[in-house]
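K.L.:
As a plain string of letters, each chain reads:
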Amino acid sequence: SAVISQKPSRDICQRGTSLTIQCQVDSQVTMMFWYRQQPGQSLTLIATANQGSEATYESGFVIDKFPISRPNLTFSTLTVSNMSPEDSSIYLCSVEENHHQYFGPGTRLLVL
Amino acid sequence: KQEVTQIPAALSVPEGENLVLNCSFTDSAIYNLQWFRQDPGKGLTSLLLIQSSQREQTSGRLNASLDKSSGRSTLYIAASQPGDSATYLCAAYSGGGADGLTFGKGTHLIIQP
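Read top to bottom, the protein sequences are chains A and B.
With our numbering applied, the first sequence corresponds to residues -10 to 101, in that order.
With our numbering applied, the second sequence corresponds to residues 11 to 123, in that order.
Pulled out of the complex, with its shape left as it was, chain B reads as follows:
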């Protein structure tokens, strides 16, 4: 059974810093991996999706990488801003038709102004 772990559980950094969030998964037979953002009291916003055949995806200040063989993904946030404060969730998808996503517990990020 797939298990997803995210490190660190919480992170607080000053505005402007570059930072890396880590995600690891136990079963490398994934179809894709998604990074989500969750704001308090709101649903999930999809940030980036990396297909199993891809190594990385970029969107604006966000860059996500995937290393299937080692079971790891990272989310890199450049030039962090207070508006980036949220919980970031990593989720693995096995692609097995009726399978949903397996989520990590998330990294709670605070960007200090």
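So here's chain A without its partners, still in its complex pose:
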């Protein structure tokens, strides 16, 4: 199974700033996914990122707020832009392998 790491593991940020979260996989994968888990809620898919193409965003999420890069088959970044306290969440990276989805440890973000 794929092993996924994320950086940073946690951060505290001021409103109006931006944070870029990195996701690294130990194998080449086609599909990478970014999820958000708000406090007390379940996971919600933000977008799907394929290498070499624009990310596909779910309803309610836009590229200006959550720009995503996917420069190669093992790496992706998610930026949370112009943050507000409502962006305080856990952000998780995920990959698909043989129709199984594997998750990174998550990035715990607190916006003050």
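Because the hints were derived from the structure by calculation, they are not lab data.
Keep in mind the model is a prediction, meaning the values are calculated, not measured.
Glycine included, each C-beta is placed from N, C-alpha and C at the ideal position.
Among these hints, one or two may not hold up.
[Stated by the list, open to error] Facing chain A, according to a computed beta carbon distance under 8 Å, are these residues of chain B, among others:
#1 LEU111
#2 GLY116
#3 ILE120
[To be verified] DSS-like, lysine-lysine: derived pairs with alpha carbons at most 27 Å apart:
#4 B:LYS52 x B:LYS78
#5 A:LYS54 x A:LYS(-4)
#6 B:LYS115 x A:LYS(-4)
#7 B:LYS11 x B:LYS115
#8 B:LYS11 x B:LYS78
#9 A:LYS(-4) x B:LYS52
#10 B:LYS52 x B:LYS115
#11 A:LYS54 x B:LYS52
#12 A:LYS54 x B:LYS11
#13 A:LYS54 x B:LYS115
Starting from the known structure of chain A, fit chain B onto it as the hints suggest.
P.N.:
Leaving out everything else, chain B in the frame of chain A:
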């Protein structure tokens, strides 16, 4: 749009009991269904994956069943232990290429020593 519901939202039982966690989904056209475990401050650990053509999967003390026609899945935990305390998430996968998983809100489980 797929919706996944988990019941109960929280459960606290004494150690040693057998227990059942429930998951229901609105769209039966799923490719598979996964059960995950989430520990505080950590990511998700995949427990069991049931393909749409399967009825159940077993791993150790865990058994997951799937009834696509009724839109239900259950996770059975035998002889519960304090180390089983965690949040258990059910997620449906439609298999549509770029589709991710649709998650329930989870069942927060506490096993009392």
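K.L.:
All the hints need checking, so say for each whether the structure fits it.
P.N.:
Comparing the hints with the structure gives:
Checking B:LEU111 against chain A: minimum C-beta separation of about 6 Å stays under 8 Å; hint holds. At about 6 Å, the closest approach between the beta carbon of B:GLY116 and any beta carbon in chain A falls short of 8 Å, and the interface hint on this residue holds. At its closest, the beta carbon of B:ILE120 sits 16 Å from a beta carbon of chain A; the interface hint therefore is violated under the 8 Å criterion. With a CA separation close to 30 Å, the supplied pair B:LYS52 and B:LYS78 exceeds the 27 Å bound.
Proposed proximity of A:LYS54 and A:LYS(-4) is supported: the alpha carbons are some 19 Å apart, at most 27 Å. With a C-alpha separation of about 25 Å, the suggested pairing of B:LYS115 with A:LYS(-4) holds against the 27 Å cut-off. Between B:LYS11 and B:LYS115, the direct Cα distance comes to roughly 16 Å. Compliance with the 27 Å bound is thereby established for this hinted pair. Taking the CA atoms of B:LYS11 and B:LYS78, the gap is about 16 Å. The hint holds against a cut of 27 Å.
Distance check on the hinted pair: A:LYS(-4) and B:LYS52 sit about 13 Å apart at the alpha-carbon level, within 27 Å; holds. Of the supplied pair hints, the one linking B:LYS52 and B:LYS115 holds, its CA atoms being roughly 16 Å apart against a limit of 27 Å. Restraint check: the Cα-Cα separation between A:LYS54 and B:LYS52 comes to about 25 Å, which is no more than 27 Å; the hinted pair holds. Taking the CA atoms of A:LYS54 and B:LYS11, the gap is near 24 Å; set against the 27 Å cutoff, the hint holds.
About 25 Å separates the Cα atoms of A:LYS54 and B:LYS115, which keeps this hinted pair within 27 Å; it holds.
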